[in-house]
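Protein chains in written order, with the numbering used here: chain L, 1 to 168; chain X, 1 to 433.
Just so you know, the hints here were simulated from the structure itself, not pulled from any lab data.
Keep in mind that a hint or two might mislead.
[As the list claims (entries may be wrong)] Taking lysine to aspartate or glutamate pairs in the EDC-like style, the calculated list, with each CA pair at most 20 Å apart, reads:
1) X:Lys154 <-> L:Glu72
2) X:Lys116 <-> L:Glu40
3) L:Lys146 <-> X:Glu369
4) L:Lys137 <-> X:Asp391
5) L:Lys70 <-> L:Glu39
6) X:Lys154 <-> L:Asp111
7) L:Lys137 <-> X:Glu368
8) L:Lys146 <-> X:Asp143
[Stated by the list, open to error] One-sided and incomplete, this derived list gives chain X residues near chain L with beta-carbon spacing under 10 Å:
9) Pro266
10) Lys278
11) Leu279
12) Tyr336
13) Gln337
14) Ser356
[Said to hold, decoys possible] Label pairs and their in silico Cβ distance ranges:
15) X:Pro327 <-> L:Pro100: 58 to 64 Å
16) X:Asp257 <-> L:Lys144: 52 to 58 Å
17) L:Glu96 <-> X:Leu279: 34 to 40 Å
18) X:Asp130 <-> L:Glu96: 43 to 49 Å
19) L:Arg157 <-> X:Pro327: 24 to 30 Å
Where is the CB? At the ideal position from N, CA and C, for every residue including glycine.
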Amino acid sequence: MLDNHAKLLYFFSKAQQVPGRKKLQKMIYILQQCHVPFEEKYQFHFYGPYSEELTLRVEELCNLNFLTEKKEEKSHYHQYRYAITEKGITFLNQFEVNMPDIEDGIRILQDCSARFLELVSTVLYFSYLSREEIIDKVYTVKAKLKYTDEEIDEAFRFIDELRNRSSH
Amino acid sequence: MAYKDEQLIEEKVFKDPVHRYIHVRDRAVWDLIATPEFQRLRRIKQLGTTNLTFHGAEHSRFNHSLGVYEIVRRITNNFADRARWDREQRLLCLCAALLHDLGHGPFSHSFEKVFKLDHEQFTQKIILGDTKVNQILKKVSADFPEKVADVIAKTYSDKLVVSLISSQIDADRMDYLQRDAYFTGVSYGHFDMERILRVMRPMDDQVVIKSTGMHAVEDYIMSRYQMYWQVYFHPVTRSAEVILSKIFQRAKMLYEDDSYQFQLEPTHFVSFFEEKVKLSDYLKLDDMIVYYYFQQWQEEKDDILADLSCRFINRHLFKYVEYNPDPQINAGMELYQLFKEAGINPDYYLVVDSSSDLPYDFYRPGEEEERLPIHLLMPDGGLKELSRHSDIVEAISGKKRTDHKLYFPRDRIQRIEDPDLKKRILDILYGKE
């Protein structure tokens, strides 16, 4: 019962803070692609892989007061910051969550920009294709973001490193 | 004449209760409708188990797919003279609209959850694989199947084309809201689609709405909201979905148990149980096949599979109570133990169902670029996100939209012989703690 909610709370308990909805979406997707058993279903959207199920589940956790959602004003935009509450921790402690160690992965992802995570998650979304085909796809679906060759190379390196870590 | 330009000598029309007539003139569209893969959609109900709540909801994915095609046909006709619109994309839009749900299976939401499948992947496989649909699309051009698949997967280069089929105000939603309202018989779900089509404008990467049409869009958003709570998220339908998932889960578990011998070999499900599904297996499944097995499984030796199948076939559904996991988590855990003591397997008979378990969504303003919102085209040529201009949409967007329910078979609890155990369970469920 509510196993998927508990898995997300486990993620938030390790992340402490997650700045931004977009970043949250991409972090969960990238971890999922590294075989962390999050079950939220993703589809490709205008801004890359997106899960409506995740959005609604986070909304549920906020409505239950297991997470806080704080709106922060930035210079040209605003973003929502999420953190687990005491209630959320109490709830999580009732569960035996069977999850791998994700602390390292979370820390690495938190250090990346939302722009870079959008690129990494897009590359992962097309990972059934060859490297050349993935690059073509990135240029097609992310034309407006004008990713450079260096950024794309860096995304591939980043994915290799993440996958190596998760396999050890 | 090239196949892509070939027109039928006489226009064909399908009578439709929602759009009155669905018009087909393109040879390719007509040929696609005649394929076995598309005809299969006649045998898959659009709303899965909703007919157990609203008995009229017997319409199929076939009806809906034709409806989406018709809406896109009207939009592309309206766009024909607009500067941003590339007329060459017309047939691509029509084919993508027609085929967008091709990979749906029977009761696909529950089925996909249990067997870890994705109907969108099957849509891709049908379009790109060795199928009649693929043969017809290839007659248009060698790369046409891939283009259609890309539009449906939302990975096509021209995002404007994608947004007609899939965005927060797309042909898919405009059809299913009206169609589902019509067949369920509810009075929600109606909005002025003709008006919305008239105020749609193709612009850069998306379709935008001329600001004077805002009220028609408000109506559409309101109808989405009402249909969600009144139809899609109806607690009785959710009860049927819960039982459906548990039937699939139990059948899979029994298949994996070497000591269990099915009275009727579950031939059609074997590749799903083994998680090695081939396209040919997938295409053989439809509502009728699933109902046939459920009918037969009522007589299986396994009590749980037989009971759940019987409940589904005879609409003997689980009851429910509101469940708040915060104060009630301990009660939930106690119930789990009490069910075990009473000999009622809680893994199948005590189920929490949350709003996030459903595939339908609300309008989202996309504040942090999670999703592209609906944009209004203002008189000065600028764009404004809908909820920033509309008080109604802003109010709905800020509303609490989540809930959790606990499902259980009350009849089984009533039959518990130990009066203390029975009382304790009922007290927890009905709040006499």
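A quick look at each hint next to the structure:
1. X:Lys154 <-> L:Glu72: 31 Å, violated
2. X:Lys116 <-> L:Glu40: The hint holds at about 11 Å.
3. L:Lys146 <-> X:Glu369: 17 Å, holds
4. L:Lys137 <-> X:Asp391: Violated, because 39 Å separates the two Cα atoms, which is more than 20 Å.
5. L:Lys70 <-> L:Glu39: 25 Å, violated
6. X:Lys154 <-> L:Asp111: Distance ~29 Å between Lys154 of chain X and Asp111 of chain L Cα, so the pair is violated.
7. L:Lys137 <-> X:Glu368: Roughly 23 Å separates the two Cα atoms, so the pair is violated.
8. L:Lys146 <-> X:Asp143: With Cα atoms ~26 Å apart, Lys146 of chain L and Asp143 of chain X exceed 20 Å; violated.
9. Pro266: 25 Å, violated
10. Lys278: The hint is violated - Lys278 of chain X has no Cβ within 10 Å of chain L, the shortest such distance being about 17 Å.
11. Leu279: 16 Å, violated
12. Tyr336: 7 Å, holds
13. Gln337: Violated, because the Cβ-Cβ distance from Gln337 of chain X to chain L comes to roughly 13 Å (cut-off 10 Å).
14. Ser356: 4 Å, holds
15. X:Pro327 <-> L:Pro100: 58 to 64 Å: 31 Å, violated
16. X:Asp257 <-> L:Lys144: 52 to 58 Å: 53 Å, holds
17. L:Glu96 <-> X:Leu279: 34 to 40 Å: Check passed, 38 Å falls within 34 to 40 Å.
18. X:Asp130 <-> L:Glu96: 43 to 49 Å: 46 Å, holds
19. L:Arg157 <-> X:Pro327: 24 to 30 Å: With Cβ atoms ~48 Å apart, the hint is violated.
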